[in-house]
Each structure stands twice: as C-alpha cells, then as structure tokens.
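As they're listed, the protein sequences go chains A and B. The first sequence begins at 147 in the numbering used here and counts up by one. The second sequence begins at 147 in the numbering used here and counts up by one.
Hints were generated in silico from the structure; no laboratory data involved. Wrong hints could be hidden among the right ones.
Intra- or inter-copy, both count: the list cannot distinguish identical chains.
[Claimed, not checked] Listed next, the in silico SDA-like pairs over lysine to any residue satisfying Cα-Cα at most 25 Å (straight line):
1) K154 / R227
2) K397 / N296
3) K208 / Y529
4) K208 / G257
5) K537 / L261
6) K537 / E259
7) K273 / L222
8) K537 / Y249
Small disclaimer: the values here were computed from a predicted structure and weren't measured.
2 protein chains.
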Amino acid sequence: MMNFVNVKDVKNFNGQEVTFRGWIYNLRTSGKIWFLLLRDGTGLIQGVVSKNDTTEEIFNKKDILTQETSVTVTGLIHEDRRSPGGFELIVKDIIIHQIAVDYPIALKDHGVEFLMENRHLWIRSRKQWAVLRIRHTVYYAITEYLNENNFFRFDSPILTPNACEGTTTLFQVPYFDLGYAYLSQSGQLYLETGIMSLGRVYDFGPVFRAEKSKTRKHLTEFWMMDAEAAFVEHAENMQIQEELIRFVIRKVLDKNLSELEILERDVEKLRKADAPFGKMTHHDAVDLLRSKGSEINYQDDLGAQDEFLLTEHSDVPIFIEKWPKEIKAFYMKRDPENPNLVLGDDLIAPEGFGEIIGGSQREDDHDILLQRMQAENMPIQDYQWFLDMRKYGSVPHSGFGVGLERLVTWMSGVQHIRETIPFPRTIYRIQP
Amino acid sequence: MMNFVNVKDVKNFNGQEVTFRGWIYNLRTSGKIWFLLLRDGTGLIQGVVSKNDTTEEIFNKKDILTQETSVTVTGLIHEDRRSPGGFELIVKDIIIHQIAVDYPIALKDHGVEFLMENRHLWIRSRKQWAVLRIRHTVYYAITEYLNENNFFRFDSPILTPNACEGTTTLFQVPYFDLGYAYLSQSGQLYLETGIMSLGRVYDFGPVFRAEKSKTRKHLTEFWMMDAEAAFVEHAENMQIQEELIRFVIRKVLDKNLSELEILERDVEKLRKADAPFGKMTHHDAVDLLRSKGSEINYQDDLGAQDEFLLTEHSDVPIFIEKWPKEIKAFYMKRDPENPNLVLGDDLIAPEGFGEIIGGSQREDDHDILLQRMQAENMPIQDYQWFLDMRKYGSVPHSGFGVGLERLVTWMSGVQHIRETIPFPRTIYRIQP
C-alpha cells in the first residue's frame, strides 16, 4: 500500500515513506546524484535520487524524464533546512504516467502573446499558480466575512432585459422570440429587491463589459461581488467595506505567505494596509491634487494618475466620498447637507493599484428616483420593478461592489489584471 | 440609543427592550389589543400592541399600517410559547418609514404567471424566502466541503469559443472583431487544465442552455458546480460525490429546519438520505426497469419516469454507473473491462427529484481522445489546447457536475425549479 500524501502536508511525515503524485517541474544532475523538483498542485518538493538509495533502473530514469512528465514518486521524507520548503524526499521509486515531449513553456521568459496563447499551460508556472491560489483565498475571505455578518447569497441574473450603466458597453444575446438579452454589468438593481426579502444580500459572479479599453486594468469578463443591505446608511456602508477589506488582507497574510514570496510581493505593505483607512471628500481630493500641480476640476472624475497621487504617501486605502452628482449613477442618494453631492464612495488601494470598491447609499424616495431616471431618459417602463422597491416598504439602504480581479491584483502585486483570472477575456482574445 | 437586533437572535434578549427594523407582514386586531407580524429578513416575530403598554398615538397606527409598510419597532421581548418562534414583542414604539399602498401580493394564492411577473415582490413571501435561504446553505455547504478537501476555486470562462455539449443549444454573442462567443454550458474542459496547475479544482457559476424545453426542471440560466481532480479514478470519484451530497444534507438539516418547516418538507426523508447511497450499473438499471414493465432498451438514456421508478423505493440517492458509450460524452474514459461502456455515473435523487450529478473518469490517452473527437466531427483545431492536457503530463483524472437548482429543489421539496433561483430565466421569460 502506498501512503499517498500532499506536498503541503510534508512536515507531518518526517522520517516516513510516502508517495507523491504530480509533475516534474525541473531536473538537475550532479554525477552520482540527481535532483528532481516535483509539483503536485499543493506545493513543490525536491527529490534526491542517488545510486545508494534506489535501483539502477530508477536511477537511470533521469535520461527519459522531462519537464511536465507526470509521475508517482515514492521515498523517504527527510528534514533539510537547505531544501525549498525545509524537507526533501530521498527517492526510492518513480512510476512514469506519461512523458511530456517538448513542453512549450520552458523555465525561461516568453513573450506575453505566446503565454496568453498557451494560457492553459502557463497556469502551471509557479507565479501563475501562486496568483490563482491567492484568488481562491480572496474569494472565500469575502464570502466568509459576508456570511458571518448576516449577508445572504442572492445570485442576480446574467441574462437581463436592461442595463445598469449605459448601453454602449453591453454584450447583446439573441433570446428566443423575446428579442435580445444583455449580459449583466452589475447585479445591484436586483440585489435591491433581495434586501426586501432577506435583509442583507450579495451576489458574486461574472459580469461583462463590451468596452474597447485595452489597459492593463480591463477585462471584458470579470468577477464582481455586489453587496446590499437594508437600513444601512452611508457611514456604516463605508465601515462594512473597510472591515471586509481588512478581513481579506488578514486572510491572505494568514494563508498565502509562501505564494506572496513566490510573487516577490512586499508583504510589509499589505500588513500596514490593515489599519484604519483614510477618508476624504471628492472636493478635498481635488484640492489636494491641484496643490500637487494637477489641472483636475471639481466636477471631474478621478483618473489613474489622480488615484496614484492621492495614495502615494498612504499605507492604507483611502475612501473618496461625497461626489458631484453629475459624475455618479442615477441611483445614488443626495447628500442631505448638499444636494449637489451624492453619498457615494470609491475606495482607492495604495501603491497605484487604483479603485477596488465603488459604493453608495441608494436613493429611497420614489419620486426623486423617478425624476432622475426621467432626466436621464431611461425607459421607465422597463424599470417599473425597480421603482416598486420605493413603493412597497422603501427603506434606507446602501451597497457596494468589489472587483475580484482588481483586489487580487493588489494583494498579489502583479502588474496586469490578466494574470488574476484563469482564462482572461479581452477585446482581442477569447482563446483558449 | 436604540438596541437594534435581528429577529433570529431574539432568544438572547428575553426581558430586554430592543428595536427591530423591517416590514409589516400581517396585522390582526382584537378590540383593545392588536397584533403585528414583523419580518426583518432574518425571521418573523409577533408584536402585541395594547393600550396599556403604549401611547394612544402608537396604538392608533393600526389604522394606517398596511402589509409591507417599512417600520422600526421598539418593545420588550417576552418569552411566550404560544407565539410563532417562542417569543413576542410588547410594542412601545413604531416609526413608519414608508407606507405601502396596495401591495399587489396579498397573503393568498395568486396565479403563477402573476407571481413570476412580480418575482421581485414574490421573493418576500415566506416560502420563497425559505427556499432562497436553503439555496444559500447549499451553495456554501458545497464550497465548504470542497475547500476542506483540497479543491481550489478555478473560475472557468463564460464567454467561450467552443461548446462542450453540442451546438444547437448555445447562446451566441457577437464579440468585437473576433466573430462570436458562446455562453458556457459547462466549465469542465477548462477545469481539466486547472488540475494540472492546482491538483483539484472547481468552478461554481452560471451556465446557459438555449433549450426549448419547458418542463418544470429546465431553466435557460442556472448555476453549476463542476469539480475535477487529478489522480482520482471512477470509484473514488463517486465516493467524493457521495460525501459531498451527504455533507450538504447535514448542513441543511443543521441550519434550515425552520425553513423546511415553512415549506412543509418531510425532514425525515432528508435524514434518511444521509446514509450509504445505492449503486447499480446502467445495464442492471435497465433490467430492473424492464422487470417493472418499462420498454426501455439497453442503449437508451433514462427518462424522468425511469429515474422515478428506479428510486421510488429507495431512501437514498442511487448512482447509475457504466453507461453505453453511445449515449455519453466523448471525453468519458472507456471501462477497461468492457470497451462498449464508459466510466460515467449519474446520481439520481429519491422522491422523483431526478438527476442531481453527472460525472465520469475522463479519457486521458491522447490518441484515443483524438479519435473520438474526429469520429464526432469536432473541430480539432479549436480543441488543441484541450488535447494538450494529454500531451504534457497526462494523468488519470475524474470530475462531476452538480446542478445547484436541482439540488435545492430536492432539499426544499418544491415542485418547480423556478422557485430555487432569485430571477428564473426560461424560454418565455427574461423579465423582471
């Protein structure tokens, strides 16, 4: 009987004979001894193959093993501080499943186009593996925080008859005899109906933007968590956002230190970000930017450069709140202290990673909301169900959306959002 | 200062003055005393308003309160076994947020079309609320089991260039200058690439079928969990499926007893299903069906009536394994003991709830897989990335898919799948 174990659990098996199943990551020979790096999905371990510990037949497998060949390897676990991970395997037996011939991604640099074309293989590389594991942690940290704080999952539909934010960036789908459906850009409006049943709700699924942007921050398909809560107002809304993000930081630091090391992420910067967040109004942000030489105006949205300037000397993310109503969505509630402003907030990550959350208190007065929708020439008939929320038991409520890939980009410190999702979709790419 | 609490936590506040925020679910007057049923998203509590305990002004609010009016209600928690939930609220104060006028869904029966048209309001009804809370439990029970068993979340793309199961049921989306994208029907093929990076992976997102079916088991948009694991073969694959489903049953019984009661679900049937599952080959299943008078043949797929006949006397779900290769997908591995069969399994729920899982060991030999794809006239060029998995370190592996809504239908005992998702999409419905 083989004692199958995972590399991640190796410390529990010191001195024991165990069997790993995985793939050859690298090989190195040194005369009477050779080394293999084995990866099994949970981690990497070095195996030592010497003529003393195994048969001639096994020893000679060095001549046929190649990178990515699939193997079952049995040996003795041996603590060794010099080894990566602190343990090595004294190999006794190697069973080969399938020999990989001419694996296209060698352990050297390739061009991005080549790697994207081979994304199905690129994900096996250490850095991609590390980012995908951090993505897993971030996804579940978000849901864990929400589940523990009385939010219920409420999956909003992807096929929708109307658009939340404009129509020029919508993917359009012929839908039987009903004309067209549109791929959702945000579940927010649906979530607002959910709070009237469940109190606090969220969704966390793919959203779609048919944007022709090709920056390193844009994907056409990405994952968004939208949360919405009844009886929560602007200040508490920001408080929930801050607690959520700090919870995520702590989970990543707790579970992914070795992944962060692989990515050469400055962990100290993440540690420092788990502290009370900054907060300033949009007006004060513009003041600050102008004092730094920017020509931004008081009615302008913030660009990437503005976000960088605002956070460059901050260890923590910064909320920008109370925005001019003209540059924010129709559903945001006016600031009772200044009707030209809305109770919206953007949360800007430090280190130039940009916006990670957008949120607001929502307009809960039927007539004010209707007027705004009319002013924006929205098709009222199609939104009657949404207006119903203000007719039948309207309550003060707030919500926010977190872009999963943007948050993972910040946590992992990678430079391009395309590395934070298994199969990125951009304006030029839908393969593989 | 108001002491805001949730109805679900009421037992912790016996004898204390607390404040709830929510909606009026029902009103009942009885001379010098009247009763309100308040729902706050976490549960229902009865409030008692008597002239002795409050002011005349508050007492008279019975004349303006209506169903679904939003309120903040303060009072004294009082244990009372006759009350629903075991506690009642002796009301001292009521603040009205917004009075609902002519709420369309009264506490009586409505036609299904009307309810579907008003799905955004229907979800407030007790039974719909209960089903959605069970859905939340089921979703997270599935992920909890997987996360604890070394599976990593690996979100497969929704916009895909090729189809996993035929092309006639695909939603087609114009995609910039690249022609068309198709909405994913299953992430399985992508997950097979993920196991080579992470060992064990799953996705859990929306999938789409442009089917013209209009049975009570069909939606055009539904949620699917696909899992895939390296070095797992057919028998272990079924073992994982059984453990997963039994874990889900226990979680629902642990967290949703009151919801199951609202739904009048026979809880004993769920309890009994948490026992070793049945197992028979497709051939034996056909034998059994024929002995019961069915005219099914040995090359036929099972219909809903067959699934019912097979499980009608079973307390537990039943695996049907080893299917004729002709009626299963190209990627399933042949049974080494009989090349006319594949190592696939369907898991059939008892009580006529039908298939809840489909799984199989996957073909891991490059040349056999290629031949099968050619035999089915698949566009090989488009699947080169998939074939790559068999060229670069192929390993034995298996996987399965769980339909979330079908599983919730069984758990909650509702008769129609449309009640198990917040906003169901069918061939005739994309609103609201």
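Inset, instruction - Pop the pair K537 and L261 into one bin, within, between, both or neither, using alpha-carbon distances up to 25 Å. - result: Between copies, since 18 Å is at most 25 Å while 53 Å is not.
Legend entry - Same-copy or cross-copy closeness of K397 to N296 [CA-CA at most 25 Å]: both (19 Å within a copy, 17 Å between copies)
Legend entry - Alpha-carbon proximity context of K273 and L222, limit 25 Å: neither (28 Å within a copy, 58 Å between copies)
Inset, instruction - Using 25 Å as the alpha carbon limit, work out where K208 and Y529 are close: within a copy, between copies, both or neither. - result: neither (67 Å within a copy, 32 Å between copies)
Legend entry - Copy assignment of K537 with Y249, given that the CA separation must stay at most 25 Å: Cα proximity of K537 and Y249: across copies only (8 Å, versus 62 Å in one copy).
Inset, instruction - Indicate which option fits the pair K537, E259 if close means a Cα-Cα distance not exceeding 25 Å: within, between, both or neither. - result: between (53 Å within a copy, 21 Å between copies)
Inset, instruction - Could you figure out if K154 and R227 sit no more than 25 Å apart (CA to CA) within one copy, between two copies, both or neither? - result: within (16 Å within a copy, 52 Å between copies)
Inset, instruction - Could you place K208 and G257 in one of the four classes (within, between, both, neither) given a Cα distance threshold of 25 Å? - result: neither (30 Å within a copy, 72 Å between copies)
Taken one by one, the earlier hints fail for this structure at numbers 3, 4 and 7, listed in ascending order.
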